[in-house]
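If you read the sequences in order, they're chains A and B. To convert, count from 1 in the first sequence and add 5; that's my numbering. At position 228 of the second sequence (counting the first as 1) the number is 225 in my numbering, and the numbers step up by one without a gap.
Derived from the structure by calculation, the hints contain no laboratory data. In this text, all values refer to a predicted model and were calculated from it rather than measured experimentally. Glycine residues also receive a C-beta, built at the ideal position from the N, C-alpha and C atoms. Take these hints with a grain of salt, some might be off.
[As the list claims (entries may be wrong)] Not close to chain B: a few residues of chain A, all C-beta gaps over 12 Å, as computed:
#  : residue
1  : 12
2  : 107
3  : 228
4  : 252
5  : 282
6  : 308
7  : 466
8  : 467
9  : 498
10 : 513
11 : 716
12 : 746
13 : 831
[To be verified] In silico DSSO-like pairs for lysine-lysine, Cα to Cα no more than 27 Å straight-line:
#  : chain 1 : residue 1 : chain 2 : residue 2
14 : B       : 35        : A       : 857
15 : B       : 0         : A       : 436
16 : B       : 407       : B       : 430
17 : B       : 531       : A       : 139
18 : A       : 417       : A       : 865
19 : A       : 515       : B       : 4
20 : B       : 4         : A       : 417
21 : B       : 4         : B       : 295
22 : A       : 139       : B       : 63
23 : A       : 515       : A       : 482
24 : A       : 515       : B       : 204
25 : A       : 139       : B       : 501
26 : B       : 531       : B       : 494
27 : A       : 30        : B       : 0
28 : B       : 542       : A       : 93
29 : B       : 156       : B       : 356
30 : B       : 35        : A       : 146
31 : A       : 420       : A       : 762
32 : A       : 436       : B       : 4
33 : A       : 914       : A       : 642
34 : A       : 420       : B       : 204
35 : B       : 4         : A       : 420
36 : A       : 550       : A       : 417
37 : B       : 35        : A       : 420
38 : A       : 420       : B       : 0
39 : B       : 494       : A       : 93
40 : B       : 461       : B       : 501
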Amino acid sequence: MSKIAYINDEPFPFEEGVTILNFVKENKNKRAIPTLCDAPNLDPFGSCRVCSVEVALQQGGKTKTMASCHTPLTEGMYVYTDTPSVKKLRKNIVELVLTDHPLDCLTCEVNGNCELQTVAAEVGIREVRYPEGKTHLDRHKDHSHPYMTSDLSKCINCYRCVRACDEVQGQFVLTMAGRGFDSHIAKGIEQTFFESDCVSCGACAQACPTSAISDVFQSKSIAKAKTTRTICTYCGVGCNLEVATDGSNEILSIRAPYEAEANGGHTCLKGRYAFKFYNHPDRLRSPMIKNKKTGEFVEVSWDEAYTYITNELNRIKSTSGPDAIAGISSARTPNEENYLMQKFIRAVVGTNNIDCCARVCHSPTALGMQRAFGTGAATNSIHDLEYTDCILVIGANPTDAHPVTGAKIKQKFMKGVTSIVIDPRRIELAKYATYHLQLRPGTNVAMLNMMLYYVITDGLVDENFVKNRTEGFEELKEEILRIDIDALEAITGVDRNLVREATRAYATAKAAMEFHGLGVTEHSQGTFAIQLIADLAMITGNIGKPGAGVNPLRGQNNVQGAADMGAQPHQGAGYLDVTDPEVNHRYNTFYKREVPSHIGYKIPEMFDAAINGDLKALWIIGEDVVQTDPNTNKVIKAMNSVDLLVVQELFMTETAKHATVILPGASFLEKEGTFTNGERRIQRVNRVVEPLPGTKPDGQIIVDIMNRMGYEQPDYTAAGVLEEVSQIVPFFAGVKWEELGDNGKQWPVKPDGTDTKMLHTDSFKRGLGLFTYFPFQESKEIITYQKDYPYIITTNRELEHYNCGAMTRRTGNVEILTEDVLMINPDDAAKEGIADGDMVCVESPRGKVDIKAFVTDEMKPGILSSTFHFPEVMLNIITSDEHCSEALCPEYKVVSCRIRKARKTHLRKAGELEEVH
Amino acid sequence: MSKNLSKLSGRKGLENNLFDRLGSEAAETGTIERSTAKELADEYLMGKANIYGVTTFYDFLKPENKGKEIYVCNGSTCLLAGTQDDVYHKISEKFNADQIGHMCCLGRCHENSSFHYKGRNYSGDSINKLDEIVRNRSIFNDDYHVEYYGEQILTGLFKGPEAVRDVMRKAINMSSLQCLEEIKTSNVRGRGGAGFPAGFKLDSCRKEQDDEKYIVCNADEGDPGAFSDRYLLEHQPWSVIAGMMIAGFITGARWGVLYIRAEYPECIRVCENAVRDLVNLGLLGERILDSDFSFKLKVIKAKGAYICGEETSLLSSIEGQRAEVRVRPPYPTQKGLFQKPTVVNNVETLAAYTHIINKGGSWYRSIGTEKSSGTKLVSLDSFFNRPGMYEVNMGTPLSYVINELGGGFKTPVKAMHIGGPLGGLVPLGEIDKINMSFESFSENGFLMGHASVVSIPQDFPLIKYLEHLFEFTAAESCGKCFPCRLGSVRGMEMLRKSQNEDYKMDLELFTDLLNTMEQGSLCALGGGLPLPVKNALAHFEDELKPYFG
Ligand SMILES: Cc1cc2nc3c(=O)[nH]c(=O)nc-3n(C[C@H](O)[C@H](O)[C@H](O)COP(=O)(O)O)c2cc1C
Ligand code: SF4
Ligand code: SF4
Ligand code: SF4
Ligand code: SF4
Ligand code: FES
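Same shape as in the complex, but just chain A (with noise of 0.2 Å):
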């Protein structure tokens, strides 16, 4: 039975816990009260007082005043939201707040959408009747930053913006400083917001009342025509987004909405401020073919490069045969786009040669846990957080990589949930970890085997879940008892006790939660770790239950639905094996054109084809993978080998600069589509301005090349294609456009359109659950190198910059991170004669690259880590060609090097080679 309370005498139904505050906007409107400082996203603070109410606890009793924003509501209440008392009460609240405010509106940027003002108005103040004493009115402004500013003389001391920093980021870089009427916000020791540990994500502006804490693209301001809802185009997080628009086609600033499942009114500096490289000089903006004779660039229209690669391909297709095409789509665009890539190479070109960048990122994640679970995809939602009683990250740094889901997982971490973190950097996360196991790169394998050692000899296999949903675990069982935990030990380089310890963590917790990433997949045994992670969390029941499961973290904004949309040579849309007759019929009728059933090229193999002459041409659509794929002079070599290399994008890459065929693509604020993030949710990415004149919606690019070779598609619309996939890939069956709403679904959307937050509750999709045993296996690069070689580089990734930063390096986000540094233990650093800020030389087998020297204790002697950000490191040319035995995903994360300070004492003009050796 629910319980009662009244609000001025007329009863309302309530459930227990919920405040004062929060049961009148539900019941009557959401300003039936003034606040000032409670926000959506923080915990209720009690500051402002502006929100009391009187309360009685018999109709027409004797009343209190207290505030609704932090006082439960108990049975029986009766509130009285407007009584003479407390209206006086919240006007000469606000009225003492007028005391230390300038009375500069108008001029204000928040005009018009300031919470002062509103609430001023709403409690009819006309005049302030004190006289004039002490202000803070003559504070200064802060213009450091390339994005965040403040204005703190309009400050009210609400503390939105610390809590802000708290509660969400968990960055910790305001403060209130002083006491009393001297308190006063600070940024770190009194910085300015450039000069403090800010990392721009933008929290404390979006949740600042006034204009005191702001940004350069004033988002609080009224001076826009239009919003529209969109998905950020960064990392899996997929960020709900709220563009703002002026009437001319310009975008002024994005806010995040706080009602949205994935971010909750949070983003990233990436989502929120990393958008200006839309309407960049350096776009691209018409086709162009290269000069064969000058190599020069040449602009052509629309038809000609149609034209020119129509007779190309079909020049090739008839000398060569289909599988002399290949195709490489990009998880960067949307849904719709992916599939029509895939469909086009396969239906129209007639090969399986199309892949995505999944190949250098998940694709294990995808193979492993199709084999172990039936479904390559997280078993749960990032929501499960709040379910949880042990988090458990391999192989991720979510904090930088994953920034919003990283914050909620920090939170957690703080709070002390008991966590696990394993991996070879102190990253962020391991600073707040219980336990973290920094093992060697390359040791998933022989750590994880250590963890299923314990779990079976110290009791903690979850029998019944074993028993009822799984197979394979006497043959498992067998292998781990015979392991070697004395090289294992030795070989990941972490105290068997420790490892020990965060095992049974795990394993007894109530519900624990796995989160991985590259550190996982970037392997030669990556898979293998996958499929080890999913043994474990099948040993212990942690699948299928709220707050557990295998969650990979994404990388790229749709990385998730480029494979699910087919663009993998081995499967086509929805998962399907092409090998399979049944499925090759299915496909056959489905796209009326006859579609091979041979696996066709992965993208390692499309590069190794291309430089044996087997490729002859080659279609990218946004990707750079001559700057972010390993050991780049082979890949320019493949780029350089092929008749036609079609490259679809949006700025001049690496990559683009080989190419034979430009065709300049629209950016995600100029298209409409579907994006699905790391948790299967399909979400909307609705158009916000039209396409820059001269480019084109990728999709519409590839149905019109489709038309142009004689198969029939109708113009791109993401309704119309969203209709299509619906019929061929099982699991969108429910998924309709109109129907998606700002959430999105989360699939498998049933035909009746319910959608699904948790996977195998029952039942494995493949039936029983897999286990599987897989010995360590020293990497090759390890074996071959380590001698003279004896230092061990990974890569990783910067907050500020995504992947190659064709986008971010043309935002504001490159005055905040300007280069890729070299990150290297002080012990090695002093052994090799170098200091924080030297140019050092990295050399492997591959080649040299010079590049700047950070000394910092988040390395372990013997392993270095740098990005791959900037053309002007070009960090893959030393990178290796090994990859993953199954899923051929290449081992980025163990790369056999060896370090001097550099001779040169400046970094390379960008994308400038060496000689290839």
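Following the hints, complete the assembly by docking chain B with the ligands onto the known chain A.
What follows is chain B with the ligands alone, placed relative to chain A:
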């Protein structure tokens, strides 16, 4: 309050307590340097901002405290006694202005002329021996009457580890539930001001399912005029510590914190010594008296902020956070120190536990009044003929305390400010109606509070005293809630202006201000200030009238 900071601070627990560290890091220079802030932030996994924010909150950590050598008391009784101009003058002959700081109430209200030098308090005639003090670090103890009227409990003999051992043996033999029953039976109410039923508080903490709980002794007696906690800590530390142990035994807490204000250096020394003795004798630590009961105790020295007496601020303070008042619920018994169930009790309340366990709850209940059982310590200031510390049965007439125990006043007094700055202003004419009990004070529109008595002499302008009260609140406001942060300053400005300029206060505006603070403030600092001011307006209308338009 930040939950994250609570938890992060809690990771280091009390053994490597952040607040304590801030104190020791600042010991040298008087403040926390930037580089230290950064190191501490790294060590405690917080932001530099957090360390800086905390540093600037406390009088004895903030950057302005750097280089301060000697502190002059600026509390209410020293002000009313008019002794401090002379003290300051004499000190400034030996020290530069930037070496001289202020401390608010050293608890030497019985003789005034108070100042603090290098970890020692001085008062009375000591200022005339400043040379010797600076040269030899001489120590001069203060003297005051300590007497009782009725039952002698808190001022009685309870001395040494032996006494602690005896009462703890008794408690342990009784079981924790029985101990709780005794406290409940005694009906003892919290002595920290609010008079909250102590048994109820212990019980609600006991009921929380958590193996980490805390007992905090609130020894931040900041009310100018009050020195009863100081008396207990200096002269009866054993009963206070035993009381904490009993509270720990009842609730299942294994840690106690004795949070003592920095303005009471002698108390800190005495208590630290007592704790050391008990640890050495195995009376604090693991398996006390071979029982399952383990209890550790840490003395924490505060850093100068009156608001830390408010229990939730106090908890944030121990955590090394800015001592800003928290919203309730959750109550400290649910989510207190480090977000764990915590009992915060006043010094005197805890001392009472010891005697209740010793002599029984019914015995205690038989003393005092129906609603206020037991005895109460009363502090009488230097305006009395017999200043000092008086233990009286609850219910003793106020006039008896003033005229008989205190021996009346040395000079004419027009009102007494009883129960701290937030207590009521009692005109001399009202004292016959009142007796020493929670209910009697509140029925008459006043507050017993901590039962400190600050006398306002006939010739001291009330308007100036009201200004002082606003100034005190403005200086000590934690700054969190709008009505107090802004209202205290605006009120102070109005009162000041009305004395110094051709300005008359608007009574309606002034009343609005008082109501706003009273109804709107988050805690009783801002919320309590209006009471004495309203008392003054009601009882001294004629004196105050000229200042209003
Ligand atoms: C502004 C303010 C100052 C306070 N100062 C003290 C104090 O110095 N000592 C104290 O014991 N309680 C003080 N209190 C009361 C405490 O908040 C709390 O009620 C008390 O410590 C509880 O102990 P008790 O139950 O034993 O009374 C103060 C409260 C407020 C609002
Ligand atoms: S932008 Fe984010 S990190 Fe920076 S101060 Fe604001 S909330 Fe903190
Ligand atoms: S800067 Fe804005 S959010 Fe922060 S306290 Fe001031 S008004 Fe509130
Ligand atoms: S990059 Fe990721 S975390 Fe950042 S706003 Fe975009 S989707 Fe959100
Ligand atoms: S009343 Fe004053 S001291 Fe109390 S919470 Fe408000 S600002 Fe802080
Ligand atoms: S909204 Fe409740 S106190 Fe500010």
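Comparing the hints with the structure gives:
{"no.": "1", "hint": "12", "verdict": "holds, 20 Å"}
{"no.": "2", "hint": "107", "verdict": "holds, 15 Å"}
{"no.": "3", "hint": "228", "verdict": "holds, 30 Å"}
{"no.": "4", "hint": "252", "verdict": "holds, 39 Å"}
{"no.": "5", "hint": "282", "verdict": "holds, 31 Å"}
{"no.": "6", "hint": "308", "verdict": "holds, 58 Å"}
{"no.": "7", "hint": "466", "verdict": "holds, 28 Å"}
{"no.": "8", "hint": "467", "verdict": "holds, 25 Å"}
{"no.": "9", "hint": "498", "verdict": "holds, 24 Å"}
{"no.": "10", "hint": "513", "verdict": "holds, 16 Å"}
{"no.": "11", "hint": "716", "verdict": "holds, 57 Å"}
{"no.": "12", "hint": "746", "verdict": "holds, 33 Å"}
{"no.": "13", "hint": "831", "verdict": "holds, 15 Å"}
{"no.": "14", "hint": "B:35 - A:857", "verdict": "holds, 25 Å"}
{"no.": "15", "hint": "B:0 - A:436", "verdict": "holds, 18 Å"}
{"no.": "16", "hint": "B:407 - B:430", "verdict": "holds, 23 Å"}
{"no.": "17", "hint": "B:531 - A:139", "verdict": "holds, 25 Å"}
{"no.": "18", "hint": "A:417 - A:865", "verdict": "holds, 26 Å"}
{"no.": "19", "hint": "A:515 - B:4", "verdict": "holds, 21 Å"}
{"no.": "20", "hint": "B:4 - A:417", "verdict": "holds, 11 Å"}
{"no.": "21", "hint": "B:4 - B:295", "verdict": "holds, 19 Å"}
{"no.": "22", "hint": "A:139 - B:63", "verdict": "holds, 25 Å"}
{"no.": "23", "hint": "A:515 - A:482", "verdict": "holds, 23 Å"}
{"no.": "24", "hint": "A:515 - B:204", "verdict": "holds, 24 Å"}
{"no.": "25", "hint": "A:139 - B:501", "verdict": "holds, 18 Å"}
{"no.": "26", "hint": "B:531 - B:494", "verdict": "holds, 19 Å"}
{"no.": "27", "hint": "A:30 - B:0", "verdict": "holds, 26 Å"}
{"no.": "28", "hint": "B:542 - A:93", "verdict": "holds, 25 Å"}
{"no.": "29", "hint": "B:156 - B:356", "verdict": "holds, 16 Å"}
{"no.": "30", "hint": "B:35 - A:146", "verdict": "holds, 25 Å"}
{"no.": "31", "hint": "A:420 - A:762", "verdict": "holds, 25 Å"}
{"no.": "32", "hint": "A:436 - B:4", "verdict": "holds, 14 Å"}
{"no.": "33", "hint": "A:914 - A:642", "verdict": "holds, 20 Å"}
{"no.": "34", "hint": "A:420 - B:204", "verdict": "holds, 23 Å"}
{"no.": "35", "hint": "B:4 - A:420", "verdict": "holds, 6 Å"}
{"no.": "36", "hint": "A:550 - A:417", "verdict": "holds, 19 Å"}
{"no.": "37", "hint": "B:35 - A:420", "verdict": "holds, 22 Å"}
{"no.": "38", "hint": "A:420 - B:0", "verdict": "holds, 7 Å"}
{"no.": "39", "hint": "B:494 - A:93", "verdict": "holds, 25 Å"}
{"no.": "40", "hint": "B:461 - B:501", "verdict": "holds, 15 Å"}
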